[in-house]
Amino acid sequence: LAKTTQPISMDSYEGQEVNITCSHNNIATNDYITWYQQFPSQGPRFIIQGYKTKVTNEVASLFIPADRKSSTLSLPRVSLSDTAVYYCLVGPTYGGSQGNLIFGKGTKLSVKP
Amino acid sequence: EAGVAQSPRYKIIEKRQSVAFWCNPISGHATLYWYQQILGQGPKLLIQFQNNGVVDDSQLPKDRFSAERLKGVDSTLKIQPAKLEDSAVYLCASSDRDNEQFFGPGTRLTVL
Numbered sequence: 001l002a003k004t005t006q007p008i009s010m011d012s013y014e015g016q017e018v019n020i021t022c023s024h025n026n027i028a029t030n031d032y033i034t035w036y037q038q039f040p041s042q043g044p045r046f047i048i049q050g051y052k053t054k055v056t057n058e059v060a061s062l063f064i065p066a067d068r069k070s071s072t073l074s075l076p077r078v079s080l081s082d083t084a085v086y087y088c089l090v091g092p093t094y095g096g097s098q099g100n101l102i103f104g105k106g107t108k109l110s111v112k113p
Numbered sequence: 114e115a116g117v118a119q120s121p122r123y124k125i126i127e128k129r130q131s132v133a134f135w136c137n138p139i140s141g142h143a144t145l146y147w148y149q150q151i152l153g154q155g156p157k158l159l160i161q162f163q164n165n166g167v168v169d170d171s172q173l174p175k176d177r178f179s180a181e182r183l184k185g186v187d188s189t190l191k192i193q194p195a196k197l198e199d200s201a202v203y204l205c206a207s208s209d210r211d212n213e214q215f216f217g218p219g220t221r222l223t224v225l
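Sequence order for the protein chains is A and B.
Last residue of the first sequence? That's 113 in my numbering, and every number before it is there in order.
Last residue of the second sequence? That's 225 in my numbering, and every number before it is there in order.
Calculated directly from the structure, the hints in this document are not laboratory data.
The beta-carbon is built from N, C-alpha and C at its ideal position, and this holds for glycine as well.
Check before you lean on any hint, since a few could be wrong.
In silico EDC-like pairs for lysine to aspartate or glutamate, Cα to Cα no more than 20 Å straight-line [to be verified]:
no.: 1; chain 1: A; residue 1: Lys105; chain 2: B; residue 2: Glu181
no.: 2; chain 1: A; residue 1: Lys52; chain 2: B; residue 2: Asp170
no.: 3; chain 1: A; residue 1: Lys108; chain 2: A; residue 2: Glu17
no.: 4; chain 1: A; residue 1: Lys54; chain 2: A; residue 2: Glu17
no.: 5; chain 1: B; residue 1: Lys124; chain 2: B; residue 2: Asp170
no.: 6; chain 1: A; residue 1: Lys3; chain 2: B; residue 2: Glu213
no.: 7; chain 1: A; residue 1: Lys105; chain 2: B; residue 2: Glu213
no.: 8; chain 1: B; residue 1: Lys191; chain 2: B; residue 2: Glu181
no.: 9; chain 1: A; residue 1: Lys108; chain 2: A; residue 2: Asp31
no.: 10; chain 1: A; residue 1: Lys105; chain 2: B; residue 2: Asp199
no.: 11; chain 1: A; residue 1: Lys3; chain 2: B; residue 2: Asp170
no.: 12; chain 1: A; residue 1: Lys54; chain 2: B; residue 2: Asp169
no.: 13; chain 1: A; residue 1: Lys112; chain 2: A; residue 2: Asp31
no.: 14; chain 1: A; residue 1: Lys3; chain 2: B; residue 2: Glu127
no.: 15; chain 1: B; residue 1: Lys157; chain 2: A; residue 2: Asp31
Which residues of chain A face chain B? A partial, calculated answer using Cβ under 10 Å [stated by the list, open to error]:
no.: 16; residue: Gly43
no.: 17; residue: Pro44
no.: 18; residue: Ser81
no.: 19; residue: Lys105
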């Protein structure tokens with residue numbers, strides 16, 4: 001099982017870049033890395049997914065080193081509305097074997113004015 | 114595009130009672146997931162369906178929890194009988210590709 005480890009919480013200020021790192025030492029060859037965002041009283045929302053190197057979309061970037069044992073979610077110029085819990089999820093994209101979909105405890109990001 | 118629908122949004126029951134939750138996934142999504150999220154923790158996968166077949170139910174407490182997905186569309190999760198520790202938010206998600214899941218608003222269950 002590819003478990004993940006993230007910081008429990010992080011603080012930032014509006015306009016700053018925030019980097020959240022996730023450790024996944026037991027990542028398997030066919031595992032992808034996916035990040036979700038969750039606001040209070042809502043279900044998680046997909047942010048970004050990657051396999052290796054760097055992936056960028058309109059809201060975030062994902063950096064994955066060559067050994068894939070960690071990944072970093074980068075949020076450019078955060079705003080107050082980015083205050084949420086961020087989860088790192090590791091698993092296969094076309095999985096089906098037991099116990100592959102595991103959310104960790106997440107990182108609670110607090111953005112201050 | 115309509116999102117994942119869940120009902121009810123809130124439910125309060127006494128311990129040892131039964132309860133059922135309903136989920137309607139996004140149209141065309143073959144994979145459906147039920148998660149349990151206890152306050153302050155990340156979602157825990159209870160069961161994953163691919164169409165109407167079970168892919169993963171390794172963390173489903175089968176002595177009291179059951180789930181079905183008839184005809185590969187809607188799904189129902191049942192708890193019988195409920196315990197105090199079942200108090201949580203029950204999230205349903207669907208996807209057309211694993212790991213890019215769309216979540217519903219959840220059902221908040223309180224067991225007294």
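Taking the hints in turn, this is what the structure says about them:
no., hint, result
1, Lys105/A x Glu181/B, "violated (28 Å)"
2, Lys52/A x Asp170/B, "violated (29 Å)"
3, Lys108/A x Glu17/A, "holds (15 Å)"
4, Lys54/A x Glu17/A, "holds (16 Å)"
5, Lys124/B x Asp170/B, "violated (24 Å)"
6, Lys3/A x Glu213/B, "holds (18 Å)"
7, Lys105/A x Glu213/B, "holds (19 Å)"
8, Lys191/B x Glu181/B, "holds (9 Å)"
9, Lys108/A x Asp31/A, "violated (24 Å)"
10, Lys105/A x Asp199/B, "holds (18 Å)"
11, Lys3/A x Asp170/B, "holds (18 Å)"
12, Lys54/A x Asp169/B, "violated (30 Å)"
13, Lys112/A x Asp31/A, "violated (35 Å)"
14, Lys3/A x Glu127/B, "violated (35 Å)"
15, Lys157/B x Asp31/A, "holds (18 Å)"
16, Gly43, "holds (3 Å)"
17, Pro44, "holds (5 Å)"
18, Ser81, "violated (18 Å)"
19, Lys105, "holds (5 Å)"
The structure does not agree with the numbered hints 1, 2, 5, 9, 12, 13, 14 and 18 stated previously, though it agrees with the rest.
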